[in-house]
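Asks: For the record, the sequence lines run as chains R and Z.
Using the working numbering, the final residue of the first sequence is 251, and nothing's skipped along the way.
Using the working numbering, the final residue of the second sequence is 414, and nothing's skipped along the way.
Careful: at least some of the hints might be erroneous.
Reference excerpt, derived from the structure (chain Z facing chain R, CB under 8 angstroms, subset only) [unchecked claim]:
#: 1; residue: Arg-329
#: 2; residue: Ser-339
#: 3; residue: Ala-347
Derived DEER-like restraints, expressed as beta-carbon distance ranges [claimed, not checked]:
#: 4; chain 1: R; residue 1: Ile-41; chain 2: Z; residue 2: Thr-378; range: 19 to 27 angstroms
#: 5; chain 1: Z; residue 1: Thr-378; chain 2: R; residue 2: Gly-155; range: 54 to 62 angstroms
#: 6; chain 1: Z; residue 1: Ala-305; chain 2: R; residue 2: Gly-206; range: 44 to 52 angstroms
#: 7; chain 1: R; residue 1: Gly-240; chain 2: Z; residue 2: Val-307; range: 44 to 52 angstroms
#: 8; chain 1: Z; residue 1: Ala-305; chain 2: R; residue 2: Thr-203; range: 42 to 50 angstroms
#: 9; chain 1: Z; residue 1: Thr-378; chain 2: R; residue 2: Asp-207; range: 19 to 27 angstroms
#: 10; chain 1: R; residue 1: Arg-30; chain 2: Z; residue 2: Thr-394; range: 54 to 62 angstroms
#: 11; chain 1: Z; residue 1: Val-287; chain 2: R; residue 2: Gln-244; range: 37 to 45 angstroms
#: 12; chain 1: R; residue 1: Ile-41; chain 2: Z; residue 2: Cys-288; range: 37 to 45 angstroms
#: 13; chain 1: Z; residue 1: Ala-305; chain 2: R; residue 2: Glu-248; range: 24 to 32 angstroms
Calculated pairs, SDA-like style, for lysine to any residue (alpha carbon to alpha carbon, straight line, at most 25 angstroms) [what the hints assert, rightly or not]:
#: 14; chain 1: R; residue 1: Lys-63; chain 2: Z; residue 2: Val-362
#: 15; chain 1: R; residue 1: Lys-205; chain 2: Z; residue 2: Ala-365
#: 16; chain 1: R; residue 1: Lys-63; chain 2: Z; residue 2: Pro-283
#: 17; chain 1: R; residue 1: Lys-63; chain 2: Z; residue 2: Thr-277
#: 18; chain 1: R; residue 1: Lys-63; chain 2: Z; residue 2: Val-353
#: 19; chain 1: R; residue 1: Lys-63; chain 2: Z; residue 2: Phe-255
#: 20; chain 1: R; residue 1: Lys-107; chain 2: R; residue 2: Gly-52
#: 21; chain 1: R; residue 1: Lys-63; chain 2: Z; residue 2: Gly-379
#: 22; chain 1: R; residue 1: Lys-63; chain 2: Z; residue 2: Ala-326
#: 23; chain 1: R; residue 1: Lys-63; chain 2: Z; residue 2: Ala-268
#: 24; chain 1: R; residue 1: Lys-63; chain 2: Z; residue 2: Tyr-301
#: 25; chain 1: R; residue 1: Lys-63; chain 2: Z; residue 2: Val-371
#: 26; chain 1: R; residue 1: Lys-63; chain 2: Z; residue 2: Trp-328
#: 27; chain 1: R; residue 1: Lys-63; chain 2: Z; residue 2: Phe-260
#: 28; chain 1: R; residue 1: Lys-63; chain 2: R; residue 2: Arg-179
#: 29; chain 1: R; residue 1: Lys-63; chain 2: Z; residue 2: Phe-361
#: 30; chain 1: R; residue 1: Lys-63; chain 2: Z; residue 2: Leu-360
#: 31; chain 1: R; residue 1: Lys-63; chain 2: Z; residue 2: Thr-356
#: 32; chain 1: R; residue 1: Lys-63; chain 2: Z; residue 2: Gly-289
#: 33; chain 1: R; residue 1: Lys-107; chain 2: R; residue 2: Ser-78
#: 34; chain 1: R; residue 1: Lys-63; chain 2: Z; residue 2: His-364
#: 35; chain 1: R; residue 1: Lys-63; chain 2: Z; residue 2: Asp-292
#: 36; chain 1: R; residue 1: Lys-205; chain 2: Z; residue 2: Pro-283
#: 37; chain 1: R; residue 1: Lys-63; chain 2: Z; residue 2: Thr-349
#: 38; chain 1: R; residue 1: Lys-205; chain 2: Z; residue 2: Thr-356
#: 39; chain 1: R; residue 1: Lys-205; chain 2: Z; residue 2: Asp-282
#: 40; chain 1: R; residue 1: Lys-63; chain 2: Z; residue 2: Arg-393
Just so you know, these hints were derived from the structure itself, not from any lab.
Just so we're clear, the structure is a prediction, and the values are computed from it rather than from any experiment.
We treat Cβ as the ideally placed atom computed from N, Cα and C, and that holds for glycine.
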Amino acid sequence: MSRELPPRTGSRAQQERLSRRAQRRLEAERRARQRRLLLVIVPVVIALLAAGIGIWWSQRSAKEVAAVQMPDVSKYTSVSRDGRILGDPNAPVHVIEWGDYQCPACKSFEQRFFPTILDQYIATGKVRWEFRDFAFIGPESTRAAEAASCALDQGKFWEFHAALYANQTGENVGAFTDRRLEEIARVVGLDVGQFRSCLRDGTHKGDVQQMVREAQSLGVRATPSFSVNGGAPFTIRSLGDLTQRIEEALP
Amino acid sequence: MSRFPRWSFASAMLALAGSGVAGYLTLVAFDPALLVCGLGDCSTVQNSPYAKIAGVPIALLGLAMYLVLFVLSLARWRWWQRADILTSVNAGIALAGTLYSVYLTYLELFVIHAICQWCVASALIVTGLLLVEFWGLRQLLRTAGLSEQMPPLKRARRQQPVP
Chain R
1 MSRELPPRTG
11 SRAQQERLSR
21 RAQRRLEAER
31 RARQRRLLLV
41 IVPVVIALLA
51 AGIGIWWSQR
61 SAKEVAAVQM
71 PDVSKYTSVS
81 RDGRILGDPN
91 APVHVIEWGD
101 YQCPACKSFE
111 QRFFPTILDQ
121 YIATGKVRWE
131 FRDFAFIGPE
141 STRAAEAASC
151 ALDQGKFWEF
161 HAALYANQTG
171 ENVGAFTDRR
181 LEEIARVVGL
191 DVGQFRSCLR
201 DGTHKGDVQQ
211 MVREAQSLGV
221 RATPSFSVNG
231 GAPFTIRSLG
241 DLTQRIEEAL
251 P
Chain Z
252 MSRFPRWSFA
262 SAMLALAGSG
272 VAGYLTLVAF
282 DPALLVCGLG
292 DCSTVQNSPY
302 AKIAGVPIAL
312 LGLAMYLVLF
322 VLSLARWRWW
332 QRADILTSVN
342 AGIALAGTLY
352 SVYLTYLELF
362 VIHAICQWCV
372 ASALIVTGLL
382 LVEFWGLRQL
392 LRTAGLSEQM
402 PPLKRARRQQ
412 PVP
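Extracted from the complex, chain R is given alone in its bound form:
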């Protein structure tokens, strides 16, 4: 660091010149002090602000995923299952349900009616139940359906399926962003790394598209739609509409 001395004034320099120098010196000193203060205070204040904003943002962002809940899935684990199919593979009646994970009616069916179907028909070996995707509400529907297929790869399709409905918050409102889907995978107990790459690589994108096209060609127009033993798809107004069809199909 160079440090130059100002030219020294002789002891006989004029009084007036000295005082002017002194004034200038004081002024320069004041400015230097101000500058030093600025060079310390400005970065400290900005750093405090930046860290504060970062922490606030992190908390907000974490809250979004912290709200993800794990529903009770014991009802699914108590019956035999194979991928998307729940129940005895030799059951006389085969029911297909087409759903969209963003559809409120599907959620309502899943939570209000499905436990009854499960107890009375699936657990008793009368019905084998298959869920197929009819993802049509928006990109998040497709993403959730793909995610469910990724969960299927890890043998936890039904747990993930239930968790998706439990964490449905509305249509296209960010309930099934990749970040939330990852968090759902975490609470379901999947290998998150594997799940993440499955979702990122679009491993099941084609499968979901295929399922939707197939449903459309079969005449599915709304969710949830059902088909009993390969019959034409239909929608229901009450649980009775569905159980009646099942009863009719039972031998």
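Starting from the structure of chain R, add chain Z where the hints point.
Replies: Positioned in the frame of chain R, the structure of chain Z alone reads:
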């Protein structure tokens, strides 16, 4: 004091080390298979809801911070006459980084209940940078005050040869 004091060299090295750690954690954020964790539970930490801000892995933000610190350290050598401003900027960045690391370490200890060796390493490095940069800033401002105006009389006198 030499033109390139030791503290500025130490700062550049710390920033480089920090870039290494944060760069590695950024890779892990994109490919979890790369995670090597001898101490602690790194994957719990990496998979926690706090590991990302709005979808961006915080390791990537850390990497950006260390790289900026490193580049500014190089700039400080190139333009030493502006060392005070550059050090002030670096000190500010290091302070923000340290405060955020304190927050993250708090989360690891009391919220996630898992600690990750790489995160601890980064927290120590950024704290080191904070100390070095503020120490350097203090040195620079002390001497800057002298170079800009007059040296105090006492000092000037001391520099005269003693008979």
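Asks: For Lys-107/R and Gly-52/R, compute the direct alpha-carbon distance and say whether it is at most 25 angstroms.
Replies: Given pair Lys-107/R, Gly-52/R is violated - Cα atoms ~39 angstroms apart, limit 25 angstroms.
Asks: Taking only the CA atoms, is the gap from Lys-63/R to Phe-361/Z under or equal to 25 angstroms?
Replies: holds, 16 angstroms
Asks: Between the alpha carbons of Lys-63/R and Phe-255/Z, is the straight-line distance 25 angstroms or under?
Replies: violated, 46 angstroms
Asks: Confirm or reject the claim that Thr-378/Z and Gly-155/R have a C-beta distance inside 54 to 62 angstroms.
Replies: violated, 45 angstroms
Asks: Need the status of pair Lys-63/R, Arg-393/Z: alpha-carbon distance at most 25 angstroms?
Replies: Measuring from Cα to Cα gives roughly 46 angstroms; hence the hint is violated.
Asks: For the pair supplied as a hint, Lys-63/R and Trp-328/Z, confirm whether the alpha-carbon distance does not exceed 25 angstroms.
Replies: Roughly 43 angstroms separates the two Cα atoms, so the pair is violated.
Asks: Quick one: are Ile-41/R and Thr-378/Z within 19 to 27 angstroms, going by C-beta?
Replies: holds, 21 angstroms
Asks: Per the hint of 19 to 27 angstroms, is the separation of the Cβ atoms of Thr-378/Z and Asp-207/R within bounds?
Replies: violated, 49 angstroms
Asks: CA of Lys-63/R to CA of Arg-179/R, is that 25 angstroms or under?
Replies: Within the cut-off at roughly 12 angstroms; holds.
Asks: Verify the proposed pairing of Lys-63/R with Phe-260/Z, using a straight-line Cα cut of 25 angstroms.
Replies: The given pair, whose Cα atoms are some 41 angstroms apart, is violated under the 25 angstroms limit.
Asks: For the pair supplied as a hint, Lys-63/R and Ala-268/Z, is the alpha-carbon distance within the 25 angstroms limit?
Replies: Outside the cut-off at roughly 32 angstroms; violated.
Asks: Within 54 to 62 angstroms: is that where the Cβ-Cβ distance between Arg-30/R and Thr-394/Z falls?
Replies: violated, 18 angstroms
The structure fails to meet hints 1, 5, 6, 8, 9, 10, 11, 13, 15, 19, 20, 21, 22, 23, 26, 27, 32, 38 and 40 from the earlier list, while all remaining hints are met.
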